[in-house]
Structure formats: C-alpha cells, structure tokens
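**Q** Protein sequence lines correspond, in order, to chains A and B.
Just so you know, we're using this note's numbering here: the first sequence kicks off at 1 and counts up by one.
Just so you know, we're using this note's numbering here: the second sequence kicks off at 1 and counts up by one.
The set of hints was computed from the structure by calculation and includes no laboratory data.
Note that the structure is predicted; figures quoted are calculated from it, not measured.
Hints may contain errors.
Stated by the list, open to error - With a straight-line cut-off of 20 Å between C-alpha atoms, the simulated DMTMM-like cross-links for lysine to aspartate or glutamate are:
{"#": "1", "chain 1": "A", "residue 1": "94", "chain 2": "A", "residue 2": "125"}
{"#": "2", "chain 1": "B", "residue 1": "239", "chain 2": "A", "residue 2": "197"}
{"#": "3", "chain 1": "B", "residue 1": "239", "chain 2": "A", "residue 2": "200"}
{"#": "4", "chain 1": "B", "residue 1": "37", "chain 2": "B", "residue 2": "47"}
{"#": "5", "chain 1": "B", "residue 1": "254", "chain 2": "B", "residue 2": "226"}
{"#": "6", "chain 1": "A", "residue 1": "162", "chain 2": "A", "residue 2": "112"}
{"#": "7", "chain 1": "A", "residue 1": "162", "chain 2": "B", "residue 2": "231"}
{"#": "8", "chain 1": "B", "residue 1": "254", "chain 2": "B", "residue 2": "231"}
{"#": "9", "chain 1": "A", "residue 1": "33", "chain 2": "A", "residue 2": "112"}
{"#": "10", "chain 1": "A", "residue 1": "162", "chain 2": "B", "residue 2": "9"}
{"#": "11", "chain 1": "B", "residue 1": "59", "chain 2": "B", "residue 2": "26"}
{"#": "12", "chain 1": "B", "residue 1": "59", "chain 2": "B", "residue 2": "36"}
Here are the chains, one letter per residue:
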Amino acid sequence: MARIIVVTSGKGGVGKTTTSAAIAMGLAKRGHKTAVIDFDVGLRNLDLILGCERRVVYDFINVINGEASINQALIRDKNCNMLYILPASQTRDKDALTQEGVGRVLEELSKDFEYIVCDSPAGIEKGANLALYFADDAFVVTNPEISSVRDSDRMLGILSSKSRRAERNEEPIKEYLLLTRYDPERVKIGEMLSLDDVQEILSLELLGIIPESKSVLSASNAGIPVILDEKSEAGQAYADVVARYLGEKLPHRFLEGKQGFLRRLFGGKK
Amino acid sequence: MQNISSVLEFKSSTFFAPILIIFTNEMSAIEQTLHEKIKLAPDFFRDSPLIIDFKELNKLNQSIDFEQLIQLLRRIGFFPVGIRGGNEQQNKLARALFIPIDTVRELGNSISIGEKPKQETIHKPSVAKPEAVVTKQEAVHVAAIPPVPPTATLISQPIRSGQRIYASGDLIILSQVSAGAEIMAEGNIHVYNTLRGRALAGVHGNTSARIFCFDMQAELISIAGDYKTSEDLVKQVYKGPVQIYLQDHALIIKEIA
Ligand SMILES: Nc1ncnc2c1ncn2[C@@H]1O[C@H](COP(=O)(O)OP(=O)(O)OP(=O)(O)O)[C@@H](O)[C@H]1O
Ligand SMILES: [Mg+2]
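Excised from the complex, chain A in its bound form (with noise of 0.2 Å):
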C-alpha cells in the first residue's frame, strides 16, 4: 500500500507545486517509487516544473473518465526512473474530479507505488478537498506571513474534519508544517513572521525551512525540480525535508541567514 501525501495550503502561490516536485523527486531518488499527481485541473502547472509538458498525451481526468489507462497517462521522469507524473488536465472543467473517481486512481496507484504526492490546488474548494481526501499525510506549505498562516489553519482544521480518515473515525491524517520562502533578513525586521509565531499558531511538526532563493526560479524556468540543484539553499533544504519524513533527525539549517551568522559573530545589533 502506497502512502498518500497531500501538499496543501490554502492560500495560493506559496509554493505547493515548488514543494510537490521537489519532495516527489527527493523520495523517487531515494529510490521509492512516487508518483505525483496535479489536482490543479485548469491551470496544469506540475508537469512544467518537472520538465515534462511536451510529453503529456493524457491526463488525470482522462484516467478518471476511464478514455485512458493510468499507464497511458503516467510520464516518467527524465532524470529519476521511479518517479512518475500524472498531469492535470488544462482543458476539462474542474467538475470532472469526483470523489468516487479520484478513490479509484489511487487504489490502482497504490499496488504500484510507495508513495503518492498530491498536488493540491489553492482555495478550499473541491479540488482541494479531493486532494486531501484520501491522504495519509499531509505537508502544509506557509509562508510566514499571517494570510498565509490563517489559511493553514484553516486548511488544517478541514483536514481534521473532512477527510476520509475523519469521517471513519480512524486515525487522523499526520500533518507536518513547510515554512517556504522564509528570508531570515525580513524576518528579523520584522517584516516576516518569525517560525516562533508561526508555530504559536499551528504547533505542528516541522518538516523544514525552505529559505526565498533565486534558484527556484531558475529550476522551474529550466523544468528540474530544484531538489536537484545541490548547491542551492532550497534544493539542500528539500532534501532535509525528505531525509525529515523518512525518520532522519537533522537540526534545521536556514533558521538565520549567512549574514545572521557574521552579525552575530561581530556582535552588530541590527
């Protein structure tokens, strides 16, 4: 049996899709079979950041409607042979999706793989709904800005109450909290919220800080997941996260930036 992790948020852009391709990635290299799917039916958006877009014939929603096989549809990836993308489709209407369809596709899924990565859209709405439904854990990405926190909360408070583990009664879904795009200089002028404030509000168990970085940019302009870019900050921080899910113990890099650090060694105040 395949474990479904849901990336969620609630609010959009904070980096669910950023997040999805990297985690999917980081446990696919780890040599777990993954599979990722787009439940962002309208806006298909995963299968860029992985690279993949010029080699989707089908989608999910074709899978659902029974016009394809799911290993019709599943791209494999260019650079990681265990990792398989299902794409969102750009043109149905979101509608397509149902509760009963999605439950079909990741039972098949799930004799196959080891893990299953959802890719919710924003909103709490039923693409968003349905993508945490059947999940198992969820990974909730905020930003440390209080919209952003709020909205977790409240996507947390969803996942508690609308998800087929709730509704049967068994043991409630794992959450673990992402802080993405944290920048340790606005942080401490306070213009971000520090993980302290955040953690006041969702006391969760923190899977990782991934810090703003420039290469994500440059991953998602290039179609490769960021994980890979080993030098960069958000790729080395990813792959904590993923070492994190699978049990590792690894302090939390990225808390304080470099010029944190000499700061602090000059003992400057600012």
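With chain A fixed as given, assemble chain B with the ligands onto it according to the hints.
**A** Structure of chain B with the ligands alone, referenced to chain A:
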C-alpha cells in the same frame, strides 16, 4: 463514500443564529445602529443568519414596516431566517416572505406576549424546524425521566479556523482555539489553552454559564447572547487564566487568582 441508494436524510440538530431585538420602528435609527454594531465585528456579522425578535417592540404597541425591515437587513448583508415574538400580522407577513416563525423559546421562556403559539406550531416552514424537534424530544425526556445533567464534551485536538464546535452541555477544550474558529455550548466553556476564536457559552439563554480560559485572546466572547468583541477585549491584557461571567447583563472578565 456516499451511499448511493439513499437520496436524502433528515437530521435534527441545533442551529445557532444571533437574535436581533427591535426596540423601535424607526427604520433610519435601526439602520444606523446596525451599521455601528457591524463595524465592531464585521467578520461576526458578515452573511450572518438572523432571527428577529419583536417582543419588545410589540410591548410598546408600535407597528413596524415589516417588509422594509427585512429588505434593510438583507441589504446590509444579513439573512433573516426567522422571527419570534411577532404578533399575528407580523407572523402572517413573515410567512408570506417564507421566513419561518420560531416558536421554540416560548416553551421555556416567558416570551409569548399577545400571540398564539399553538396556531404557529401547526405551520411548518423548513429552515429552523429541526430545533423544534429537539426541544420536543427534550420535553418528552423531562416528562418521562428525572432530568439528567447534560454531559460535558471533551476535545483534545486544536480547533482550527473555520471549525465550529457545539456542545449541548459543558465544553472542555484542551488545545488552542484558533482565530476564526467558533466554540459554542449551552453550558460552560473551559479552554485550557489559548483562546483566539469566538466562544459563546449559555447559547440557549443560561445566564449563569461561564467561560474559563488559560490565555484570553478571543475575537468574541458571549454568554447567553451578551457579547464583547475583540475591540473591547484588547483594551486589557490578561496575564493569567481568566473567567468570564454575566452580571446584570454585563460581561465581567476576571483573572483567576
Ligand atoms: N523558496 C522559494 N524561493 C523563491 N521563490 C519561490 C520559492 N518557492 C516558490 N517560489 C515561487 O513562488 C511562485 C509560486 O510557487 P508555486 O507555483 O510552487 O506555488 P503554489 O502554491 O503551487 O501556487 P498555486 O496556489 O497557484 O498552485 C513561483 O513563481 C515559484 O517560483
Ligand atoms: Mg500549484
């Protein structure tokens, strides 16, 4: 997963809505006061269902333009879902506008002035009626067996933004209550953590209900319908646990020494 064989299901549950007590028939005064109240707690009132109580107005023997009032409330953003304490004519107008007439409270409270509850119970509009079912069941219970104190509801996981919890007795919460969450109890509320959301105790009119919490940062607190919003609440910082109770219709917040 959905059970496809069944088309629908009736459930009885309690429905929470603020009650608007009208003291005057002057529409402009009502409108202005409403705007002032909404400004204090815009989130609380936005798209809120509303029950209009005419008891006080009818005591004064004032007549009011019913349709205009409903239009005003809808324009401001309320959804009137019921009236109570209305006279015969008001009830008739309500029915004409498909607004249910609440007859529930009349069983317990001495609200019914100049009206004929019997006549109203015959009429069965759709929305607020599940409540009537509940009350009827309770009444049967009371008659059949000695009253049993309602049990407490214990919740240990965090109450997140957007979640609503309702307890028919006391409510005990061990984790935090987030901003944007709403916890309601017919009895007392205990929060052994930070309370950032809204807490409403004694929602069926129990004025001796209390709220206890470890760290008071609430958006709104209410006991038996008397409330304070965060605008009033932030003026004072509480260092330790507090209790909140009602004294002559005023909410008293006191640190627990
Ligand atoms: N750590 C980061 N540093 C810098 N930029 C980032 C980082 N993470 C994400 N971004 C940028 O933020 C934007 C939104 O990212 P992404 O598409 O992953 O968010 P999303 O949550 O999936 O958005 P949506 O809600 O629209 O699906 C992208 O332009 C991406 O490059
Ligand atoms: Mg996305």
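**Q** So which hints don't hold here, by number, going up?
**A** 6, 7, 12
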